[in-house]
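**Student:** Residues per chain, in single letters:
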Amino acid sequence: MEFARREAPYIRPQNSVSALMLHVLVALVPAAMAHVWFFGPGFIFNLLIAAIFAAAGEALMLGFRNRKPETGLTDFSALVTAALLAFALPSLTPWWVTATGALFAVVIAKHLYGGLGFNIFNPAMAGYVVILVAFPMHLNLWVAPRMGDLDYQQLSVLQTMAFTLTGSLPDAINFDALTRATPLDVMKSGLNNARTVAEIRAIPIMGDFGGRGWEWIGNFVAMGGFWLLVKKIIRWQIPVGVGLGLLVPATIMYMVEPGSHASPGFHLFGGATILCAFFIATDPVSAATSPKGRLIYGIGIGLLIYSIRLWGSYADGVAFAVLLMNMAVPAIDRYTRPHIVGHNDNGSRHG
Amino acid sequence: MSAPTYDLGKLHGGLRLPGNKAESTAQSILDVPIPTQLIHPITQHVGDPAQPVVSIGERVLKGQLIAESEGSLGAPVHASSSGKVVAIEPWPVSRRNGENAPCIIIECDGQDEAVQRADAALDYTQLSHADLLQKILQGGIVGLGGAVFPTAQKLMQARTCKIDHLLLNGVECESYISCDDMLMRERAEEIVSGAQILMHALEIDVCFIAVESDKPEALNRLGEVLATIGDARIVLKQVPTIYPSGGEDQLVQLVTNREVPSGGLPSDVGCLVQNVGTSAAIHDWIVDNVPLISRITTITGDGVNKPVNVRARMGTTIADIIEFAGGYSDNAEQLIVGGPMTGKSVTTDRVPLVKATNCVLVMSESPSVGPEMPCIRCGDCAAVCPVQLLPQQLFWYACADDESKLRDFGLMDCIECGCCDLVCPSHIPLTADFRVAKGRIQELADEKARAARARHRFEARNDRLEREREDRAAELTQQKESAKQAGPAEIAEILKRKKQQSEDQQ
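Those protein sequence lines, which keep their order, are chains A and B.
Mapped onto this note's numbering, the consecutive letters of the first sequence carry residue numbers 1376 to 1726.
Mapped onto this note's numbering, the consecutive letters of the second sequence carry residue numbers 2 to 507.
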């Protein structure tokens, strides 16, 4: 009898890039629902627009590069980029802002570097930083979270959609009635104006740890993140690294000067820290590759987030922290190579 | 009696593979009857091919030497039943590159008449070590775990090093394969007896028998035998069920917490590893005078009707064995000699059972897993690599054909276990790529060696020519010098002599 010839191993892998990316997307669903609950339906419109433009950019670039668009689109990596970008944007964001970010992320940050697997920078964060530079005022338009005892005006679904498409509000409503600075902004400007942390925390939008609404979304993000850890889609080193890098200096500073430094809990729940730890920094393509390297990479991001929040001119520092550490990845990889079994640690062979 | 799992040296990574062993261990080992034809490849071991010592038409007996080992590394081949040599010709064999190889083909007469040995029933403890090793060499015994390194030469090499541990490998970590498990269940006494012979040959007093925790029957049986014999030198060790803990270097690391140096051997760290099957084969030869002419092999997979372990004569074709074991099922699409991780894919079942054949796996075609995607650097491959390589980096350098980086990142330390392939979400055939890259590096090294030899020859020739030229120049200068110093009378004398010479020649 005759048989086909194959290459060992003959057992085939069970996982795939698509499944990996789908897990990430599923893990974000609880957080997305919480986001919609607290900040209104704008998130859904942002997500749709980001997804459409990211997918279009992906297809276009794959076409230019003579690759099959199907394989590039079915790996869902563009969708993950779009979702992370949508999480970073305020729920009231005009479509062209979102589109710019999504297109830059996929076309420039990802495909001009060689596409999936070759990009040096985290595409979503690169897209976000472009928005931060090109449309800074739009990123300040965070609507107030929907909490029972905070009676800020809320936009209806149609009004939100109209704003997303036109960038203007209904005549009777103005931005001041709708939007509030983010908790991190409040903290930063409050501290800059010589107010104490206790005074700032008395402002109604502040919650138990971070800002109201924000901290709940943080919980749901963490839930998704733990699920990814259990499913072994991500490893513990980066989330733990980010946590350590941020919380250790935050705790020390808080203990030394509690009046002028926010608590570690506030830093953890106040901005995009948790999203960064589980979903942004863990992008394998732009992260360090060895376990030790990933811990260092995570710690670096955490330290940079804290430094930017403390000394920088931006309220949150996640995007810059991630991009800066992306630059450090080749050096980290070089110095954290694991010991090969049977080799001396100084690299030479023995025996 | 069951051995506790020892607190052992750590093995990095590895995989928990589905065992798929229950099907083939459900019944005891079956004996395959004498086939009509036996195919004996002259290379069934690492080293130089054995040289046939029989001629076509000659009648041979069971256990008779038919090909004799030649060179410094090799093993002889024995006929596994009686019959007539009908041909010595190329025949398909189970090798990675799937070529034909020279084989001695015997038509069996069914009488299974065995050769009578003059030196039968020798007490091995009376033999000198050199004689014992020589005897082991004559038995055609090679490593039966799959590497088929000639056992005698492995022992000779080991005796030149300071060996303190004999490790018997009963780990059998690869999916589907269960021949060692069945051997340990049914022939534990012979394994232990073989261990005692090996310890005698090596003059050492420590032997560990390592068995994976998923083989409770084998562990119990070995435990019983050890308790009966009461040889305190032999210790049973249960190791965790993780692939590839049965790799030679991996087992050394696991059981003794010593790292075999890169490019080195277990003997560099005082260990000698032998498969449990080899140990039983040594017993059969040294005590019972039966050379290595049969082995146990696992017939399994969804491509056969009845998964089972069989004992078959070397040279029986896979087709004959499978027919005996119950035939192919409708799923028979791939034929693999060896396990699903490291086995060799063969295109025909006319290949014979050889000393290396521990398993015949017949499987349905693996379902397609979608296209190969770019590496996303997830690092799962590095997490499972038992040698702690960075397969994602190696893949990068293999694509770039960067030899120095490949060496630097330890390509040559890759044991080709296939773990990285199995976890790769991008479905990159990493092991196959590494195999190709290794081959290329080897070729380059060979080429370099050839070039170096050629350059050496060229330089030697140049040196010689240069030396000759210098000698001639020196001679000439000397002649000129002496001519200058000579007076007119001497010059006239020389000229006269020259003239005389030319006249003589004419």
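Hints may be right or wrong, so weigh each one.
[Unchecked claim] DSS-like, lysine-lysine: derived pairs with alpha carbons at most 30 Å apart:
{"no.": "1", "chain 1": "A", "residue 1": "Lys1606", "chain 2": "B", "residue 2": "Lys481"}
{"no.": "2", "chain 1": "A", "residue 1": "Lys1667", "chain 2": "A", "residue 2": "Lys1606"}
{"no.": "3", "chain 1": "B", "residue 1": "Lys481", "chain 2": "B", "residue 2": "Lys500"}
{"no.": "4", "chain 1": "B", "residue 1": "Lys499", "chain 2": "B", "residue 2": "Lys11"}
{"no.": "5", "chain 1": "B", "residue 1": "Lys345", "chain 2": "B", "residue 2": "Lys439"}
{"no.": "6", "chain 1": "B", "residue 1": "Lys500", "chain 2": "A", "residue 2": "Lys1667"}
{"no.": "7", "chain 1": "B", "residue 1": "Lys449", "chain 2": "B", "residue 2": "Lys439"}
{"no.": "8", "chain 1": "B", "residue 1": "Lys345", "chain 2": "B", "residue 2": "Lys307"}
{"no.": "9", "chain 1": "A", "residue 1": "Lys1667", "chain 2": "B", "residue 2": "Lys499"}
{"no.": "10", "chain 1": "A", "residue 1": "Lys1607", "chain 2": "B", "residue 2": "Lys481"}
{"no.": "11", "chain 1": "B", "residue 1": "Lys406", "chain 2": "B", "residue 2": "Lys439"}
{"no.": "12", "chain 1": "A", "residue 1": "Lys1667", "chain 2": "B", "residue 2": "Lys481"}
{"no.": "13", "chain 1": "B", "residue 1": "Lys11", "chain 2": "B", "residue 2": "Lys439"}
{"no.": "14", "chain 1": "B", "residue 1": "Lys481", "chain 2": "B", "residue 2": "Lys499"}
{"no.": "15", "chain 1": "A", "residue 1": "Lys1667", "chain 2": "A", "residue 2": "Lys1607"}
FYI, nobody ran anything at the bench for these hints, they're computed from the structure.
**Student:** Against this structure, judge whether each hint is valid.
**Tutor:** Going through the hints against the structure:
1. The suggested pairing of A/Lys1606 with B/Lys481 is violated, with an alpha-carbon distance near 93 Å, which exceeds 30 Å.
2. Of the supplied pair hints, the one linking A/Lys1667 and A/Lys1606 holds, its CA atoms being roughly 21 Å apart against a limit of 30 Å.
3. Annotation: proposed proximity of B/Lys481 to B/Lys500 holds, straight-line Cα distance about 19 Å (limit 30 Å).
4. Taking the CA atoms of B/Lys499 and B/Lys11, the gap is about 89 Å. The hint is violated against a cut of 30 Å.
5. This hinted pair checks out: B/Lys345 and B/Lys439 have alpha carbons roughly 17 Å apart, not beyond 30 Å.
6. Straight-line distance between C-alpha atoms of B/Lys500 and A/Lys1667 comes to about 92 Å, which puts the hinted pair past the 30 Å bound.
7. Proximity of B/Lys449 to B/Lys439 is assessed by CA-CA distance (about 15 Å); at most 30 Å being required, the pair is judged to hold.
8. Note on B/Lys345 and B/Lys307: the hinted pairing holds, with a Cα-Cα distance of about 21 Å set against a maximum of 30 Å.
9. Annotation: proposed proximity of A/Lys1667 to B/Lys499 is violated, straight-line Cα distance about 88 Å (limit 30 Å).
10. Proposed proximity of A/Lys1607 and B/Lys481 is contradicted: the alpha carbons are some 90 Å apart, above 30 Å.
11. Between B/Lys406 and B/Lys439 the alpha-carbon distance is near 13 Å, which keeps this suggested pair within the 30 Å criterion.
12. As the CA atoms of A/Lys1667 and B/Lys481 are separated by approximately 78 Å, the hinted pair breaks the 30 Å bound.
13. As the CA atoms of B/Lys11 and B/Lys439 are separated by approximately 27 Å, the hinted pair is consistent with the 30 Å bound.
14. Taken as a hint, the B/Lys481 and B/Lys499 pair is honoured in the structure, with Cα atoms around 16 Å apart against an allowance of 30 Å.
15. Taking the CA atoms of A/Lys1667 and A/Lys1607, the gap is near 17 Å; set against the 30 Å cutoff, the hint holds.
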